[in-house]
Structures are given as C-alpha cells and as structure tokens.
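Based on the hints, put chain B in the right spot on chain A.
What follows is each chain in one-letter form.
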Amino acid sequence: MKEIDELQLPEDLGYTDEHEWAKVTGDTIRIGVTDYAQDQLGDIVFVELPAVGDSFEKGDECGTLESVKAVSELYLPMSGEVVAVNTDLEDSPELLNQDPYTNWILEIKPANSDEYQELLSASAYLELLKG
Amino acid sequence: MNKTPGTSGLILDEPLLWEKGKPGRHAMSIPSSDVPAAPMDESLLGAEVDFPDLSEVDVVRHYTRLSQWNFGVDTGMYPLGSCTMKYNPKINEKHAATPAFAAAHPMLGDTHIQGVLQIMYELQHFLAEITGLDAVSLQPAAGAHGELTGMLIFHKYHTSHNSRRSKILIPDTAHGTNPASAALCGYKAIPVKSNARGMLDKNDVAALMDEDTAGIMLTNPNTLGLFEQQIREIADIVHAKGGLVYGDGANMNAVLGVVDAKKCGIDVLHLNLHKTFSTPHGGGGPGAGPVCVTKDLEQFLPVPRAVKEGDTYRLMTDQSQSIGRVHGFHGNFGVLIRAYSYILSMGAKGLNMASQLAVLNANYIRAHLKDTFHLAYETPCMHECVFSDKNQHDYKVSTLDIAKRLIDYGFHPPTIYFPLVVPGAIMIEPTETECKDDLDQFIATMKRIAHEAEHQPELLHNAPSRCKVKRLDEVTAARCPCLIGTAQADD
Chain A
1 MKEIDELQLP
11 EDLGYTDEHE
21 WAKVTGDTIR
31 IGVTDYAQDQ
41 LGDIVFVELP
51 AVGDSFEKGD
61 ECGTLESVKA
71 VSELYLPMSG
81 EVVAVNTDLE
91 DSPELLNQDP
101 YTNWILEIKP
111 ANSDEYQELL
121 SASAYLELLK
131 G
Chain B
1001 MNKTPGTSGL
1011 ILDEPLLWEK
1021 GKPGRHAMSI
1031 PSSDVPAAPM
1041 DESLLGAEVD
1051 FPDLSEVDVV
1061 RHYTRLSQWN
1071 FGVDTGMYPL
1081 GSCTMKYNPK
1091 INEKHAATPA
1101 FAAAHPMLGD
1111 THIQGVLQIM
1121 YELQHFLAEI
1131 TGLDAVSLQP
1141 AAGAHGELTG
1151 MLIFHKYHTS
1161 HNSRRSKILI
1171 PDTAHGTNPA
1181 SAALCGYKAI
1191 PVKSNARGML
1201 DKNDVAALMD
1211 EDTAGIMLTN
1221 PNTLGLFEQQ
1231 IREIADIVHA
1241 KGGLVYGDGA
1251 NMNAVLGVVD
1261 AKKCGIDVLH
1271 LNLHKTFSTP
1281 HGGGGPGAGP
1291 VCVTKDLEQF
1301 LPVPRAVKEG
1311 DTYRLMTDQS
1321 QSIGRVHGFH
1331 GNFGVLIRAY
1341 SYILSMGAKG
1351 LNMASQLAVL
1361 NANYIRAHLK
1371 DTFHLAYETP
1381 CMHECVFSDK
1391 NQHDYKVSTL
1401 DIAKRLIDYG
1411 FHPPTIYFPL
1421 VVPGAIMIEP
1431 TETECKDDLD
1441 QFIATMKRIA
1451 HEAEHQPELL
1461 HNAPSRCKVK
1471 RLDEVTAARC
1481 PCLIGTAQAD
1491 D
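Listed in order, the protein sequences are those of chains A and B. Residue numbering for the first sequence is 1 to 131, as defined by the working numbering. Residue numbering for the second sequence is 1001 to 1491, as defined by the working numbering.
With the C-beta cut set under 8 Å, the calculated list includes, among others, these residues of chain A facing chain B:
no. : residue
1   : Asp43
2   : Lys69
3   : Ala70
Hint data in this document are derived by calculation from the structure and do not stem from the laboratory. As the structure is a computational prediction, the values presented were derived from the model and not from experiment. We put the CB at the ideal spot given by N, CA and C, even for glycine.
Chain A with its partners taken away, still in its complex shape:
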C-alpha cells in the first residue's frame, strides 16, 4: 500500500471524508474516488452504478465498489441528479485502480452548486489522511 506522501491528490478537486472527489466540469460535477480509496480497497472487481436520472441527497449512498477485500459504499459528495455514469467501469473496474482521477464514476447536475464550497481542499484532505 502507498505511503501518505505517495498519494496523488490533484489541487483542482473537492474531497470528502468518505474519500470521494468532485470536479466542476461546466454545469455538471464529476464524481470519483480518491487515490487513497482505491489503494485501501485494493483491486476493484465490480462497480455498481446508479441509473441516469436518479436523484440523491448529499451523503446518500449512490453505488458500491467491490474489491477482493470488501464491498464499500459510494456516497454522493453533493446533492443532485445523475446525468451520466461511466459505463466503461462495468467491464473494466480496474480502471479505478489504474487512474482514479481520469476515470470518473458518475456525473451529476448539482441541486445546489454552493455545496461544492463545503468540500475539503486537497491540503485539508491530506491532513485528514494524516490523522
């Protein structure tokens, strides 16, 4: 497993204490899991995605990631409606291990864009990981 200082934590993302990231892409927000999350989970073997059109509140469980170690829930960092899911992950869940930032999981139309400001910065998230 990676040391904390080996983790990739891009500056232009918002992070959650449940190890998801959110990225503003125009009017929508892309959601994925962090390098720390994929490293802790180990080899991801299955990704369960929500349906396009589903709406969730911030913090709601919106999918699951299954690795050889365990099954983990995916929590939505911001409220909104799912407008796209990354269907590549259905056949190639390992993409999340290979590059957890290029390989987003789902895209939402946020119900409240201000919620983005409540997310952790890369440095705040790093502090959280250092405990």
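Structure of chain B alone, referenced to chain A:
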C-alpha cells in the same frame, strides 16, 4: 517451536472429472425399462448436458482426493473470527444417524414421529432458557435467514400497531449480513458509528432513533469481540420510541449462561446452531438459525412449531398472526438433533464453562500477541480478538500475506478485513475446543510470521507455498469467474 501440524505429506494430483471418464463407463447396471417409449415434447428439450461417463471407483477416488485437499475443524485449528469453528463432537453424528431420525419421512403424520417432535419441543425450551427469551422457532435455515425472519417479525409487530416504519439502525460493528437482511425486508439501514473504544454510545443511538425507525439490529458481543456495555440503556432508548431490539446471536459462544438477552432488552435474537452449538458449518451445507422472541412477539413467529398437549406432541400451524412459513416441514432437522445432542452432553454447567474457556482462550492469544501485532482496541475482549497489519506496513506486508502464510504452517487463516472499522483487520476466534498446547503453537507461529515479515517478506508474499494450490489470483477469479466445469475448460 514444535513441528507444525499438517504441513508435509503426499499431495495427490487429481484431474477434472471430464478428463477422467471414457464413453460407456458407468457405476452400476440399472434394469432395462419396462415403460414404453413416448414422444417428448420438443419445447422441453434443451442442449445436451455435458456429463462425463465414470465408474463408481472413479467418482469415489475423485471426491476422496478433493476432500484431502480440504481443511476443516477435524484437520486443524480454524480460528475464523465471528464464525465459531469449534470442534463438532462425533456423538452428535451418531445421534443424527440413528435410522429412526435419519430415515423419518417429512410427510409422516405427527403420531408417527413423536420422538422427532419431542426433540424439537425440548430444543425450543433449551434455547429459550439459554437466551432468557420466551418462545422459539426452529425453522430458519441459517443466521441470515434468522435475521430476515426477525425483520419480518419487526414488520408484522409494527403493522399490528398501525405503524409503518421505514428505517433500522445498524452499528458499524454489527455482522455484515444485518444490513442486507433488513434491506431485503424493505428497511433502509441507517449506520451507527462505534466510539473510540469500539462500543456503541447510547447518545448516538438516541440522536438517530425516531418514530420512523423500526428498531436496532446489533451484535453483542460485537464483531470487535467487545461486549456492548450500554446495551440496556440503548434498548430503553429504542423501546421509548416504540422500536424493537434485534440481537444477532452469532457471537453467543462468549456468553452462554452469563448473559440473559431479555434482561438486556433484546426482543428478537437468532442463534447459529452451526456456530455455538457445534453442528457442522460451512461448505454450503445446511445450518440452522433458530429465532427466539419475547412473549409479546410469540404470536408472530413462523409456523410450524412443536407444541405439547398432554403427553403428545404436535406440529402447530394454526397461529393467525404468524409471519407464515420460512422453511419446509421440520426445518433442518438433521442440524437440530445435533445441537440437541450437544446441549444434553454439555449440560448447563458445561455450556457455561465452554463460554468461559472461549473467552479465556481469546484473551490468552490477545495477551501473547499484542506486542507483535497491532491491537485494534485495548479493551479486554470476549471470545475473539482483532489485530491489524499496522505494525507490518513498513515491510510492505499485508493482512492477506499474513493469513496466507498461516496456511503454510497448517492453520486455517482467521477472518480478515472484517470488521470494516479496523483497516487490515485480523480477527481471531480460537473457540474453547483448542487446548493450551495448540494455542501456544498458534501464537508461536504468528510470532514467527511477524519475524519473517521483517526479514524475509517474500516468504509471505509468495505464501502459501506448501499446499496443493498456491497463491490464487483472487482478482481474476472475481473479475472473470469460471463457474462451470466442462471438458473444454482451459487448464
């Protein structure tokens, strides 16, 4: 260190059945049919089934060899946390094999199977007495089946009080099947975080418990092997809002004759006969997960139940408020009779002693390994102790590597990566049936593995190296599972 068990010897290779047979081989001669041939409805026909032609000795040798690659409680220590892999005394098998029981047809009328019904009736009473609860159904076939039965009882109870509730509280130290069982019954699982001591805090429960919440599902002792000390206060909080308390009794082996579930405020509890009461466990074979309830909930129990009227026993099905049937006929009776045999052979004092020794054994391991492996929580444990791989991170050795290396030394690995609240968890439950010599050997092996992790980590990364099948590619197995045997299978 003494020579470790089961680590050397002849390993016979064995091909797939499809690679063994020859067309025309068969196990026995069956009489030629005297039923005239009749045309087959074409719509019922499917592709031909690819079964190999084999003789009886082909089949017997095949499965005997496969069984020799297996590992069970009859082969060695099996410290699989939260699974209570205790030794299953052979007297249980003797009683279960008695032809009067083993050959009794499930459709025989009550008058012809008074002995079977008497055993069911008495077992219901034993389990009620052991848990402190009032009434018991022996029907559920496994722990998770008992959980689902419990959730259906919750639902029926609330419906009978004209209440519709949508949520259920589930601590992060509860058994992994709990949220699934609740969800299957239509409840939304609301997680409750345990505190820094690995326990539930009554204030956290109070903050989440409301009148849309059907109750709480907790495991006590919890999956960290710790006894929930605020259980009674937590039950009172849940009851005050009209909710019910479900106790997952999977860890009952720690508290037989020590804890009264009813006095703890538990309304529904399932037991795993295949854990606590020494019936065979695992391999997909049948288990039994009886559900015990308070007097108020008895009316909702599944049917049928064994009842006694005068001097005769009968299977009672007329119970208007019952949630219905959850299993056919008498439940998994072959399992019930083994548990009954165990309870009678142990007696009340023996069962209580079993729990005391189970707790002592776990604490013995905990005390001897706490300076070698990182201990997740400092609190003295019940029947299982949870370590992690934190001390081994520097050597790039993980819990999986440690678990695999144990196989090389003839031990079954403990439960790993569970509970989820402990990253890299190593959850060890020795049970009371391991003697001190075996515990000492396990402890010495774990210390040796920790030493190897530091000085020869490749031994762990490549483990297991001494058994029939080496390190499996678990990733490919999960991503591209091969679930059927066929003659064309790639080797």
